[in-house]
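Chains as they are written, first to last, in the numbering used here: chain A, 887 to 1041; chain B, -4 to 759; chain C, 69 to 340.
Everything labelled a hint here was simulated from the structure, so no lab data went into it. These numbers were taken from a predicted model, which means no experiment stands behind them. In this text, a Cβ means the ideal position worked out from N, Cα and C, and glycines have one as well. Certain hints may be false.
Unchecked claim - To give an idea of the interface, some chain A residues facing chain C are shown, with a C-beta separation under 7 Å as derived from the structure:
(1) Pro904
(2) Gly905
(3) Lys939
(4) Ala949
(5) Tyr1010
What the hints assert, rightly or not - Each computed SDA-like pair below joins lysine to any residue, with the alpha-carbon atoms no more than 25 Å apart:
(6) B/Lys623 to B/Phe436
(7) B/Lys52 to B/Trp266
(8) B/Lys747 to B/Ser680
(9) B/Lys443 to C/Lys296
(10) A/Lys939 to C/Met104
(11) B/Lys443 to C/Thr240
Unchecked claim - Covered stretches of chain A (chain C as the covering partner; in silico rule of three or more C-beta atoms under 8 Å from a C-beta of chain C):
(12) 921 to 931
(13) 1011 to 1025
Each chain is listed here by its residues.
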Amino acid sequence: MNIKFWLNGIQRQEEIDPGMLLIDFLREKGCYSVKRGCETANCGLCTVLMDEKPILSCSMLAARIDGKKIVTLEGLQKEAEEFGDFLANEGAEQCGFCNPGFIMNVIAMLRELEEPDEEQIKEYLAGNLCRCSGFVSQTASILKYLNYKKTQEES
Amino acid sequence: MKYVNQPVQKTDAMALVTGKPVYTDDLAPKDSLIVKVLRSPHANAWVDTIKTENAMKVPGIVCVLTYEDVPQKRFTLAGQTAPEMSPDDRLILDRHVRFVGDAVAIVAGETEVAVDLALKRIRVKYQVETPVFDIHTAKDNPILVHPEEDWKLKIPLGGDNKRNLCASAVEEHGDVEKVLSECKYTVEHTYHTRANQQTMMETFRTACYLDHTGRLIVLSSTQIPFHVRRIVGRALDIPASKVRVIKPRIGGGFGAKQTSISEIYPAIVTWKTGRPSKMIYSRYESMICSTPRHEMEITVRAGADENGIIRALDVYTLSNTGAYGEHSSTTVGLSGHKSIGLYRHTEAHRFAFDVVYTNVQSAGAYRGYGATQGIFAVESAVNELAHKMGMDPVKIKELNMPIEGGPLPGYPDVPYAQSCAMDRCMAKAKEMMNWDSKYPFRDMGNGKVRGVGVAMAMQGSSIAGVDVGGADIKLNEDGSYTLALGCTDMGTGCDTVLAQMAADCLETPMENIVVFSVDTDISPYDSGSYASATTYTTGMAVVKACNELRRKICEFGADMLETDPKSVDFDGNYVFCSEDEGKKVSLEEIGIKSTFFNNRELQVVKQHSSPLSPPPFMVGMAEVEVDKETGSVDVLDYVAVVDCGTPINPNLARVQTEGGIAQGIGMALFEDVQYTDKGKIRNNSFMQYKIPTRQDIGNIRVDFESSYEESGPFGAKSIGELVIDTPCPAIAEAIYNATGVRVRELPITPEKIAMGILKKNLEK
Amino acid sequence: MLKIKSYVKVNSIAEAYELNQKKTACVLGGMVWLKMGNRNISTAIDLSGLGLEGIQETDDEFVIGCMTSLRALETDKRLNEYTQGAIRESVRHIVGVQFRNCATVGGSIWGRYGFSDVLTMFLGMDTWVELYNAGKIPLTEFVNRKKDNDILVNIIVRKQPLRVCYMSQRNTKTDFPVLTLCASLIGNEARTVIGARSARAVIAEDPEHILENFAEKSEEEQKEAIRKFAGYAAEHVSTSGNMRGSKEYRTLLVEVLTRRAWETVGGMKDEY
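Just chain A, with the same shape it has in the complex (with noise of 0.2 Å):
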């Protein structure tokens, strides 16, 4: 089957096996930042952005994306590099591994809600399954992170 659908901000079109998984279909389209870290949408390594909002790629078909606007972190690099650095400046992205799903949702959760709380954030992040930080130094990083756009703004 046929879709139409905007990935990163190109529009195109694709033939498609009706039953192929969106995580596996952004693989074969070149985007490898998208993971799988299981096969029971509990790890949120798959996680992109579908009209702006963080879902699980390894549970949305591809003939679900018709129409629709596709991010990955492919389109996300200077946001990803931005926040990257807090991230890595922690010393809290250990593997990598869980990395672009969880940037994806750490992106997505500062566009929707304004000035987090801890608990905000760990609520919001914890389909993001890390096995090496053990996550407190993830969390002072969007802290940090916060604080440095926060100062931005306001100067």
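Following the hints, complete the assembly by docking chains B and C onto the known chain A.
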């Protein structure tokens, strides 16, 4: 600028945070055949007949392999240095399948759809036999997990396949019975730790292809490239020289990838078909046929005199290796060696163990490697002993803990504690936790009660007299350096940590050092990243290599300056005459000069192996809040004070600690590999096997109290494994202090606590 | 692996209903469960595009389209105001935001899963389901219906005066619940729904009328009624064990959570 002891960013950070394709599956050849394995539905069975014709007929299927197609020499998948301690008890495919999930056939095809279909079309007739599951009856059970005649143990350690014994031994120092009988206070309890999954986010995965000379290239997510080369060679019965292993970035390991889980399957497919192939383990496969932490049941007897001096410790460990013996005879050792050593006054101690085969998934290496289990048991027992004496557990530890220059009973790998700041760790942890005002508990008046708990831990730094670190440093034409390593950065940041050391040794900016790792054709030999070895062992190799290269650079520069090497110095940028600093030659000039009419290599390869394994030490303190009715536990605060010697990168050392503690919290409170009565794993996914999310971890606060380890690079010891050892005993103790309920079998679920409280109330 | 032969984004519910009469056809919800199975689906029927992803409020009811995501329930101000935040509490522990952006309320209700937080919550209100063929029926009736080839179109919550409290017990913060509980005063009716027992949610009957006229009781009477009913529920609501908890523990939780939820409904406690 100095880099050591600075929190510098990891050298691969920007590639990782921007999602660059740097992992095995991102780099696998795009035309790779998909490899999957048909797995046994039975815990103990023999393949009677296996029909593959219909599977082969599926369009796109390239090969289907059964036990008839594989070499018949047994080997082990454990990544260990020669002489390998693990028994040779595996074949790539065996007629005898020994757990639910054991490999029965290998299928390779052009697409996943074809492979899935072919797997369904393989017809297997099994001769099903009764399995052995119970660890208590496994030893000398008439049902044998490994009845075969060619089972082989290279290093005898009491193992006997005809007894379902993988290893068995007794070590005794002094007369334990006598000393215990003299003790005023004694305790004896049995503690049970369960199998846990490492659950690194990137599952096991390997891609293989042949090069222009017909050699097998193995691109793999592994902690042990050099061992994989040997293991694949042995499994395929080909010379290891025919195998080249490349390690890209790895999505976590935690010991899981110290066993060659996925490599042999695509390796045999590519070797037989000549086609590139890859095997990407599903999470399901990672849960049912990998090598989780050994389940152990540990009985501890401890005795103290009236002053709280612990005089005797007796530890017996019954360890479950499951269907195969990877890492089993070695992990069990740590359950005694790393726990008894925490009590310096013991006059007598005994450590005995049995490691049994059963028909469940094989166990293996997981961060802590037996020490985690042993320390849970011994620290819990000592805490119980303290309560029996009416003594604060912190006090009993202060009286008995390791001190610098003091003995480490039962720990064979250093003559005494050469570097130890356990006393400072305890003092700092007490202060950070505000222990004296919080111990033992505080009733919050709303049905909730808060308790605090404490535990100490030690681990090793490398395997003494065994592990080898390698470093190869060379000066390039442009004055930059290339540091080739054989150890495996799995996200921990060792590539960065080692570059920090090299930069300081060579007085050069880190940007001037290119780090290369790992390719077994190019990298210097290194036993790999495990056993808390890399910073300590490979770090020393880096220091040795860099210092030697400095000497060579000086000689080279002196030659260019036409002076005696003894009269020059090197500041990182220039070789100059000590007497006349104006007389100098730049590193770049030296680099260029080394590329023409030159007979002296500006390259040094060094290896390092330590006869010692100096332990890092730490104190962990947990504050938990328990709901007295539902048994729910929140770990509100976890304080960790670590003596890892000099932290080379304080950020990375801190995150190691936080990550290890989070894993330990999972192990303490809910992680538990559970089986049905048929031997099938019940929690075979992230839906059913829960690891901590960020909402399950309270605050974790880490600090360092560093000793200086003379035998380590820049005074460093290890940190990677130590940090998982305190949560289980500290949290168990905190829950006890909060509720009076002592749970000796992990995980400490809300149900166990609630039912324990109920029982206590009924007894009242 | 899930296999789908054809995918149809339908133009009407009628079309969906027709396609769904084939046994191998399947209506797609959020797919978070569906994709885990090994099903061979001849026609995957997608209802997105019919305007069924949204919450409409009228004077008398909330009409929640079957394709509304759990996240939309969680963040809907009106629904949460009506339920004193119970809706949010009932879904916020389900895996994560991305998961809840995918999972649909229609999928949750249609599945009638034992572990369902959503089903427990909606059973605690005057909820009706609108089926294409069978029409509007109370959720209490729908729960016990056999799965058929009908199409769930809307979930309707009738805006009776409501005091409600939702609670769940979990071994980890985002795991499946060990027990779910919703206590509510729907008008004058006191209702206690208990789910994840581990079987599907049921209404804990009150044949002894312990909680009758709850709102009219004095605080002391309420406390006594709650204590008595919690004990009664623990005795009569059947529970069973699974990997997450034993029968005995669940029964203990029935008593504790029933008491706590009713204390909250009664205004004696703000939170636990």
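Hints and how they fare:
no.	hint	in the structure
1	Pro904	holds (4 Å)
2	Gly905	holds (3 Å)
3	Lys939	holds (5 Å)
4	Ala949	holds (4 Å)
5	Tyr1010	holds (5 Å)
6	B/Lys623 to B/Phe436	holds (13 Å)
7	B/Lys52 to B/Trp266	holds (21 Å)
8	B/Lys747 to B/Ser680	holds (23 Å)
9	B/Lys443 to C/Lys296	holds (23 Å)
10	A/Lys939 to C/Met104	holds (22 Å)
11	B/Lys443 to C/Thr240	holds (18 Å)
12	921 to 931	holds (count 5)
13	1011 to 1025	holds (count 4)
The earlier numbered hints are all upheld by this structure, with none contradicted.
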